[in-house]
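S.K.: Quick mapping for you: the protein sequence lines, in order, are chains G and B.
According to numbering that gives the first Met the number 0, the stretch in the first sequence is residues 0 to 301, in order.
According to numbering that gives the first Met the number 0, the stretch in the second sequence is residues 0 to 301, in order.
Just so you know, these hints were derived from the structure itself, not from any lab.
Be a bit skeptical, because a hint or two may be false.
One copy or any two copies: either way a pair holds, since identical chains are not told apart in the list.
[Unchecked claim] Derived SDA-like pairs: lysine to any residue, alpha-carbon spacing no greater than 25 angstroms straight-line:
#1 Lys-167 to Glu-34
#2 Lys-81 to Ala-40
#3 Lys-87 to Gly-72
#4 Lys-87 to Gly-103
#5 Lys-266 to Asn-38
#6 Lys-35 to Gly-117
#7 Lys-266 to Arg-33
#8 Lys-9 to Glu-180
#9 Lys-143 to Ser-159
#10 Lys-295 to Gly-171
#11 Lys-81 to Arg-254
#12 Lys-143 to Pro-158
#13 Lys-35 to Glu-272
#14 Lys-9 to Ser-55
#15 Lys-211 to Asp-133
#16 Lys-81 to Gly-117
#17 Lys-266 to Ser-104
#18 Lys-167 to Asn-246
#19 Lys-211 to Ser-169
#20 Lys-177 to Ser-132
#21 Lys-9 to Asn-246
#22 Lys-167 to Ala-216
#23 Lys-295 to Ile-53
#24 Lys-211 to Leu-168
2 protein chains.
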Amino acid sequence: MIFADLIYEKIEKSGNPTALGLDPRVEYIPDSIREKAGNDADSVLLFNERLIDILSDIIPVVKFQSAYYELLGPAGIAVLQKSMAYAKGRGMVVILDAKRNDIGSTAAAYAGAYLSDGHFAADALTVNAYLGSDGVRPFIDACKCYGKGIFILVKTSNPSSHEIQDLKLSDGMTVFEKMAEMVNGWGDGLVGSHGYNSVGAVAGATYPDELKRLRNAMPASFLLVPGYGTQGGGAADVANGFDENGNGAVVNSSRGIMCAWESDRLKGIFSHERFAEAARDEAIHMKNALSAAIGKENIKGE
Amino acid sequence: MIFADLIYEKIEKSGNPTALGLDPRVEYIPDSIREKAGNDADSVLLFNERLIDILSDIIPVVKFQSAYYELLGPAGIAVLQKSMAYAKGRGMVVILDAKRNDIGSTAAAYAGAYLSDGHFAADALTVNAYLGSDGVRPFIDACKCYGKGIFILVKTSNPSSHEIQDLKLSDGMTVFEKMAEMVNGWGDGLVGSHGYNSVGAVAGATYPDELKRLRNAMPASFLLVPGYGTQGGGAADVANGFDENGNGAVVNSSRGIMCAWESDRLKGIFSHERFAEAARDEAIHMKNALSAAIGKENIKGE
Chain G
0 MIFADLIYEK
10 IEKSGNPTAL
20 GLDPRVEYIP
30 DSIREKAGND
40 ADSVLLFNER
50 LIDILSDIIP
60 VVKFQSAYYE
70 LLGPAGIAVL
80 QKSMAYAKGR
90 GMVVILDAKR
100 NDIGSTAAAY
110 AGAYLSDGHF
120 AADALTVNAY
130 LGSDGVRPFI
140 DACKCYGKGI
150 FILVKTSNPS
160 SHEIQDLKLS
170 DGMTVFEKMA
180 EMVNGWGDGL
190 VGSHGYNSVG
200 AVAGATYPDE
210 LKRLRNAMPA
220 SFLLVPGYGT
230 QGGGAADVAN
240 GFDENGNGAV
250 VNSSRGIMCA
260 WESDRLKGIF
270 SHERFAEAAR
280 DEAIHMKNAL
290 SAAIGKENIK
300 GE
Chain B
0 MIFADLIYEK
10 IEKSGNPTAL
20 GLDPRVEYIP
30 DSIREKAGND
40 ADSVLLFNER
50 LIDILSDIIP
60 VVKFQSAYYE
70 LLGPAGIAVL
80 QKSMAYAKGR
90 GMVVILDAKR
100 NDIGSTAAAY
110 AGAYLSDGHF
120 AADALTVNAY
130 LGSDGVRPFI
140 DACKCYGKGI
150 FILVKTSNPS
160 SHEIQDLKLS
170 DGMTVFEKMA
180 EMVNGWGDGL
190 VGSHGYNSVG
200 AVAGATYPDE
210 LKRLRNAMPA
220 SFLLVPGYGT
230 QGGGAADVAN
240 GFDENGNGAV
250 VNSSRGIMCA
260 WESDRLKGIF
270 SHERFAEAAR
280 DEAIHMKNAL
290 SAAIGKENIK
300 GE
């Protein structure tokens, strides 16, 4: 099955277009786990497993942020690998958010590392395409070879994303609109049975107007939408990333779920030790908010 | 000592503005090393050590391409770490070419991974700034804190780099010229005693006219120039990256040195097993070609 169909169908089956963002910082992890593990890397592994165990029946997608694992050195990379395999074993779609970018054989090495059936075997990888097509082709080749996907950075969720991405070109378009046009072309030949292809785009929830324009400009690209919750994007904002049937996007929440126990809504209800239960409560809350915003049915809370 | 001074002085002392690119593919490594090592990751470590041993007295800078190590999984990352430490122990300036990019705390995690005194402790890291200033600030903060440097991708050496980087803006500038302008600003507060600062730029040798313009547009930025040799840039081309005194740039050669034994010039003279001697011959040849092109004295061959 190609990636475009995999993510579409997993989301459809669960009724939940949420990606669990696993960007674990050691301070997010409660004492009991840190004591049991004895070191930072193993703490992260246990923390991830707890979250995956309690969420994999209701959240279909997980996004690992590579930076936090790289920060822990080779042991952190081993934990990334194990966590990815664990999530896959629980039936989750695994996105590695590593924003890799290079050219020719070097891009092919990154694609081999993350999209082949090798050491990491993600279902999809985020890619920065500032280098142009020959920095993207090796990733597309890997998508074709292994049935995998990529998400190209188009419009990111951060305050200064305008500095390069919103620059106005001589033809009236912006840089990010030109990037969206290129993303459209890159998806040819990777179209799945639901009309979406395996070359998706990253489009931030914090710019809802741009998100709407990007949804229309890339009608066959799955959108990976960061910036929900802690970065300020709400359910109504991210709704702009979905098509008229409420499909075609996945919304990431990282700290919002991992640290739900200390959110305004749940503070005082769950202790740090009960972070996993709080995460499940928040995941259901988020799912219902998204469902309402995109016009789909709610699931019951527990 | 801040990075801007470190690289300037190491290059001045050696009289050689070359960076040894260690982008090792397993097929570059001769049988004897592969047999001795017994596995891919350890083969790469022995191969790197041989090259560093034979070149560190004449090449002042080494650039590791992260992709080839990531391709080998956690063991490859451990070899990257060991190779970086080995090169540092031999007195080389260590650049990690990983083109990292993200925002806020995630960018800070990458900066912590590679620019702190932690697991990898590179002297400098390549960074892709498509995300804008708040994707770069955490790296700059790390440069200030640890005396390290970054090289921002401005104009890359690949054929399709024009697709985004050369887009014409409504004010007549190109995207890469706007990026160069931003790089200029990011270097404030990191200026060393030779007039250069620790926020450098990647500017490809394959576009010599652009390289000249970028040298002038970023007068205080050290340039990291890829594309020499196998990608088609010659010594006259890369000369455009240097200032009027022949300073301010470092030229990378990866396959050209690692695989010198099979180059047109050296084929039949060195066997694959003698790759390290061929690499030294090529390094001296390249140094002399660069010296001639930028008007500095040659060193003697051996």
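S.K.: All hints are to be evaluated individually against the structure, with a verdict given for each.
M.R.: Hint by hint, here is what the structure shows:
1. Lys-167 to Glu-34: neither (53 angstroms within a copy, 56 angstroms between copies)
2. Lys-81 to Ala-40: both (11 angstroms within a copy, 19 angstroms between copies)
3. Lys-87 to Gly-72: Both: 23 angstroms inside a copy, 18 angstroms across copies.
4. Lys-87 to Gly-103: Neither. Shortest intra-copy (29 angstroms) and inter-copy (28 angstroms) distances fail the 25 angstroms Cα cut-off.
5. Lys-266 to Asn-38: Neither: 28 angstroms inside a copy, 51 angstroms across copies.
6. Lys-35 to Gly-117: Only across copies: Lys-35 and Gly-117 sit 24 angstroms apart there, 30 angstroms inside one copy, limit 25 angstroms.
7. Lys-266 to Arg-33: For Lys-266 and Arg-33, the Cα distance is within 25 angstroms only inside one copy (22 angstroms; across copies 57 angstroms).
8. Lys-9 to Glu-180: Result: close neither inside a copy nor across copies, 27 angstroms intra and 45 angstroms inter.
9. Lys-143 to Ser-159: between (34 angstroms within a copy, 21 angstroms between copies)
10. Lys-295 to Gly-171: neither (37 angstroms within a copy, 47 angstroms between copies)
11. Lys-81 to Arg-254: Close inside one copy (21 angstroms), not across copies (33 angstroms); limit 25 angstroms.
12. Lys-143 to Pro-158: between (35 angstroms within a copy, 23 angstroms between copies)
13. Lys-35 to Glu-272: Answer is within: at 13 angstroms inside a copy they meet the 25 angstroms cutoff, but 49 angstroms across does not.
14. Lys-9 to Ser-55: within (11 angstroms within a copy, 53 angstroms between copies)
15. Lys-211 to Asp-133: Classified as between: cross-chain Cα gap 24 angstroms, same-chain 28 angstroms, threshold 25 angstroms.
16. Lys-81 to Gly-117: Result: close both inside a copy and across copies, 13 angstroms intra and 23 angstroms inter.
17. Lys-266 to Ser-104: Answer is between: at 23 angstroms across copies they meet the 25 angstroms cutoff, but 49 angstroms inside does not.
18. Lys-167 to Asn-246: neither (30 angstroms within a copy, 35 angstroms between copies)
19. Lys-211 to Ser-169: both (23 angstroms within a copy, 24 angstroms between copies)
20. Lys-177 to Ser-132: both (12 angstroms within a copy, 21 angstroms between copies)
21. Lys-9 to Asn-246: Within one copy only: 12 angstroms inside, 56 angstroms across.
22. Lys-167 to Ala-216: Classified as both: same-chain Cα gap 17 angstroms, cross-chain 21 angstroms, threshold 25 angstroms.
23. Lys-295 to Ile-53: Within one copy only: 23 angstroms inside a chain, 65 angstroms across chains, cut-off 25 angstroms.
24. Lys-211 to Leu-168: The answer is both: 20 angstroms in one copy and 24 angstroms across copies each meet 25 angstroms.
When the structure is compared with the earlier hints, violations turn up for hints 1, 4, 5, 8, 10, 18 and for no others.
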